[in-house]
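Undergrad: As you go down the protein sequences, you meet chains A and B in turn.
Here the first sequence is numbered in numbering that gives the first Met the number 0, starting from 0 and rising by one per residue.
Here the second sequence is numbered in numbering that gives the first Met the number 0, starting from 0 and rising by one per residue.
Quick caveat, the hints were computed from the structure, so don't treat them as lab data.
The reader is advised that the hints may include incorrect statements.
Only part of the chain A face toward chain B is listed, based on derived beta-carbon distances under 8 Å [claimed, not checked]:
| id | residue |
| --- | --- |
| 1 | Gly9 |
| 2 | Ala82 |
| 3 | His91 |
| 4 | Ala95 |
| 5 | Leu142 |
| 6 | Asp145 |
| 7 | Lys169 |
| 8 | Val190 |
| 9 | Asn204 |
We put the CB at the ideal spot given by N, CA and C, even for glycine.
2 protein chains.
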Amino acid sequence: MNRFSNNQLGRYPIYLKYFKELLAEGCEFVSSPRIAAKLGYSEEQVRKDLQAVSLEAGRPKKGRSVKQLVEDLESFLGYHDAASAVLIGCGHLGGALLNFPAFSEMGLEILAGFDANPDLIGKTVGGKMVFSIERLPELLPQLNADIAILTVPANHAQRVAELAVESGAKAIWNFAPVQLEVKDGIVVENVNLASSLAVLSHRLNVELAKGGK
Amino acid sequence: MNRFSNNQLGRYPIYLKYFKELLAEGCEFVSSPRIAAKLGYSEEQVRKDLQAVSLEAGRPKKGRSVKQLVEDLESFLGYHDAASAVLIGCGHLGGALLNFPAFSEMGLEILAGFDANPDLIGKTVGGKMVFSIERLPELLPQLNADIAILTVPANHAQRVAELAVESGAKAIWNFAPVQLEVKDGIVVENVNLASSLAVLSHRLNVELAKGGK
Chain A
0 MNRFSNNQLG RYPIYLKYFK ELLAEGCEFV SSPRIAAKLG YSEEQVRKDL
50 QAVSLEAGRP KKGRSVKQLV EDLESFLGYH DAASAVLIGC GHLGGALLNF
100 PAFSEMGLEI LAGFDANPDL IGKTVGGKMV FSIERLPELL PQLNADIAIL
150 TVPANHAQRV AELAVESGAK AIWNFAPVQL EVKDGIVVEN VNLASSLAVL
200 SHRLNVELAK GGK
Chain B
0 MNRFSNNQLG RYPIYLKYFK ELLAEGCEFV SSPRIAAKLG YSEEQVRKDL
50 QAVSLEAGRP KKGRSVKQLV EDLESFLGYH DAASAVLIGC GHLGGALLNF
100 PAFSEMGLEI LAGFDANPDL IGKTVGGKMV FSIERLPELL PQLNADIAIL
150 TVPANHAQRV AELAVESGAK AIWNFAPVQL EVKDGIVVEN VNLASSLAVL
200 SHRLNVELAK GGK
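Could you build the full structure based on these sequences and the hints that come with them?
TA: Right under this line is the structure:
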């Protein structure tokens, strides 16, 4: 069950998005070469990726059923079966995520926000109630949330992650630019904007140097 | 110059953050094994990564100069030499990024926002003026911005990316869950929350299955 690489897992939502667009355009069948050309992957990669999550092998000349692929991908990604999360740190970035309508389509239900700022506690952000961070140990088990989304400042992240794990979180979606240390069996997935920006800047500088600028 | 993988580039801001913490703690020297243990990389990887961007090889028993490493990393990452960007799509996520104080430390200066929503045009968000998207072709060259940050809805992303490139953008930092098609020589770096969430959910399900839940 653990045979998927992060890169491969990360491609499935991109396939799904494309297949849904095809459905919306009334397109019923799609071939691996067409998928490969559209998404910029190799044909072999497309075949391997889809084979791993769908029995829909397609018919010669016709291609695979788009509807079946959408169903299989949504099922694989757990989009039918929402995971529950809380969000800790309801500042600018946290507030943006609380207001993000697409998460529920992706099978993520954010049930509540937590913050240390008295100005935010008791208010709603994106329709979610914001509670004091001190109530996390009491409320996380009640909410039965497995996932803690961390959008706190870097210098608070480790401490808050520990509190979330002690309160029962099984997975941390970490937006703070910090390498968290957690015990074995706790899943940490990082969204590191600094790392992404480093990749962008370096590749931009390579291109600018090519252009003689 | 193009010999860095994205994974490797993405690690440099994480090294830098750690070295700055060490400096703040008054720690002058650090060894590769210590770095490796702290960040969860192999010692060999740490040595290769740092060798590629810094001549600071360190002294036996003492380790590398933290101050020198910070300088070399900041220089490599271009943090002393800010890149200029505009942000297109000043909704929740875009607004959060405009309010993000850490970007200027990372060498990214967001000069202005653009949006199609008349309620936002002419206002400031995070201290940045929001202009009509129609003025992008006129203003992007005036601002001399190489980078367009895309935080527009998925169904607008391709069209807006094309407009940004036509207006002179050399790189696109894309937060929309879409594979953009751009001409050769234009850098695209994606921050795909759906992909990150897919990785998290899958690994969480693997862990929950192990626990017999």
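Undergrad: Taking the numbered hints from earlier one at a time, note which ones the structure violates and give those numbers from smallest to largest.
TA: Of the numbered hints, just 5 does not hold.
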